[in-house]
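Given the coordinates of chain A, work out where chain E should sit on it, guided by the hints.
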Amino acid sequence: MDSTRSSGGWADETALLGAIRSGDADALGAAYGRWGNLVYAAAFRILGSASDAEDLLQDVFIGLPRALKRYEEQGSFESWLKRVTIRAALMAQRSQTRRREDTMDALPPERARAASRDPSDELTIAAAIERLPFEMRAVFMLKEVEGYSHAEIAALLGITSGASAARLFRAWRMLRTSVGTS
Amino acid sequence: MMGRHPAFQQIRAFALADGNFAGRPPLAAHLEECQECRDEVSFVRQVVLVARERLAPAAPPSDWMLPRILARRDAGGVVILPTDREPGGPSARSPRIMRLTVALLFAGAGVAAALPGSPIRVWIRNALWAPSSEVPLQLTQPPAAARREAGVSISIAPGEMWVAVEGATPDVTIRLRVTNESALAVRAIGDAADAEFSPRASGIGVSRLNSGVLEVDVPHAAHRFALRIGRVTYVVKDGERLQVLAPGDSIGAQVVFSARR
Chain A
47 MDSTRSSGGW ADETALLGAI RSGDADALGA AYGRWGNLVY AAAFRILGSA
97 SDAEDLLQDV FIGLPRALKR YEEQGSFESW LKRVTIRAAL MAQRSQTRRR
147 EDTMDALPPE RARAASRDPS DELTIAAAIE RLPFEMRAVF MLKEVEGYSH
197 AEIAALLGIT SGASAARLFR AWRMLRTSVG TS
Chain E
5 MMGRHPAFQQ IRAFALADGN FAGRPPLAAH LEECQECRDE VSFVRQVVLV
55 ARERLAPAAP PSDWMLPRIL ARRDAGGVVI LPTDREPGGP SARSPRIMRL
105 TVALLFAGAG VAAALPGSPI RVWIRNALWA PSSEVPLQLT QPPAAARREA
155 GVSISIAPGE MWVAVEGATP DVTIRLRVTN ESALAVRAIG DAADAEFSPR
205 ASGIGVSRLN SGVLEVDVPH AAHRFALRIG RVTYVVKDGE RLQVLAPGDS
255 IGAQVVFSAR R
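In order, the protein sequences belong to chains A and E. Numbered per my numbering, the first sequence spans residues 47 to 228. Numbered per my numbering, the second sequence spans residues 5 to 265.
Excised from the complex, chain A in its bound form (with noise of 0.2 Å):
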């Protein structure tokens, strides 16, 4: 058995990049194991679809052999991991066109009222959430959930820390008129 196993999978978490980066599948398995939750769940709040976050899951681990020959094992490589899935996801959000492009204004009188129901209820603002315009609900996890600062928010998406902080005050509007608490 290599050496660098431990019975619970890799130990060393340098030797298990360098067999991922080697192509060896026992070790994209422990990988999986591994961060599997991480990448899917950063995919998960950026995208808004399980479907989605599935497919760039698969993306993340697929790409990562390759990927890995430009870490330089410098900081966390989960937060390396982290940002690689982030900006994939982003990346993938800005090749499609169709999804949430409705806002608040736009929503159905119907879904409207429904939202408003009941500030406390946590589905409510699950929903709220999910509903928000994909620039807005991207800084609002990046920030919120992920906490990321405005200027590293800023390099992900391209635009300015100020651009960041409005928006982020923007989708807090939002949510607060979708939840009924205004």
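These aren't lab readings, by the way, just hints derived from the structure by calculation. Some hints here could point you the wrong way.
[To be verified] Subject to a maximum C-alpha distance of 20 Å in a straight line, what follows is the list of computed DMTMM-like cross-link-like pairs (lysine to aspartate or glutamate):
| hint | chain 1 | residue 1 | chain 2 | residue 2 |
| --- | --- | --- | --- | --- |
| 1 | A | K128 | A | E100 |
| 2 | A | K128 | E | E57 |
| 3 | A | K128 | E | E244 |
| 4 | A | K128 | E | D242 |
[Stated by the list, open to error] With beta-carbon atoms standing in for the labels, derived distance ranges:
| hint | chain 1 | residue 1 | chain 2 | residue 2 | range |
| --- | --- | --- | --- | --- | --- |
| 5 | A | A57 | E | R28 | 39 to 47 Å |
| 6 | A | A173 | E | P71 | 27 to 35 Å |
| 7 | A | A96 | E | P71 | 12 to 20 Å |
[Unchecked claim] Some chain A residues well away from chain E (every beta-carbon gap over 10 Å; in silico):
| hint | residue |
| --- | --- |
| 8 | E59 |
| 9 | G64 |
| 10 | F180 |
| 11 | E181 |
If you're wondering where the values come from, they're calculated on a predicted model, not measured in any experiment. Built from N, CA and C at the ideal position, the CB exists for glycine as well.
Okay, now just chain E, sitting in the frame of chain A:
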């Protein structure tokens, strides 16, 4: 005590315990008396809680997802991911497109210039072999002013590292970026090169900065860092997080400030 309701940004910063929120004590006092703002704080916390918990599903189980991934890979599936060194977003692709476009334009112009009687060929001949009575074509550029630059760097130190700028005028632009280098560095460019630098064990003081550009390179490996201009803290780095506390802008990987305050 606050007389009016605080702005939403303050409510948000309070509710989410945003570390750089300075107005916490007066807002806390206001909240004791204002049910409306307490509801707002609860709302913010609840929304973020829902976003963090409900919108974080687990990945599909590996027993059916992994075979799909491996099957796609074995079938020759290739995915190029946008990594740090090679971002792939539209803004990052555009320089490549620009370079390609320029190369194509030059190639097209070269082909056109080779054709006898083409307008480009005539234009080049007129430009290069113009009669001497005309204004001579200036083929050389005036010598560029030498770029003045001064700076200092120190090795990474334990604890908080810092750059403290004293007495900067509003004409000074400060550019900060996080690098993979192993030293904290400041560079003063242009008129700023007359500044004085005071390197210490864990930080660098900069004074007599009247105009020009000051570049600050913060090593990624420095766990904690602060940039202060006068008494105001502009940037704080805490581990992986870089918090920008003053109005600034981002240009590529740089955060840019004016020493206005």
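Indices of hints not satisfied (ascending): Result: no hint breaks.
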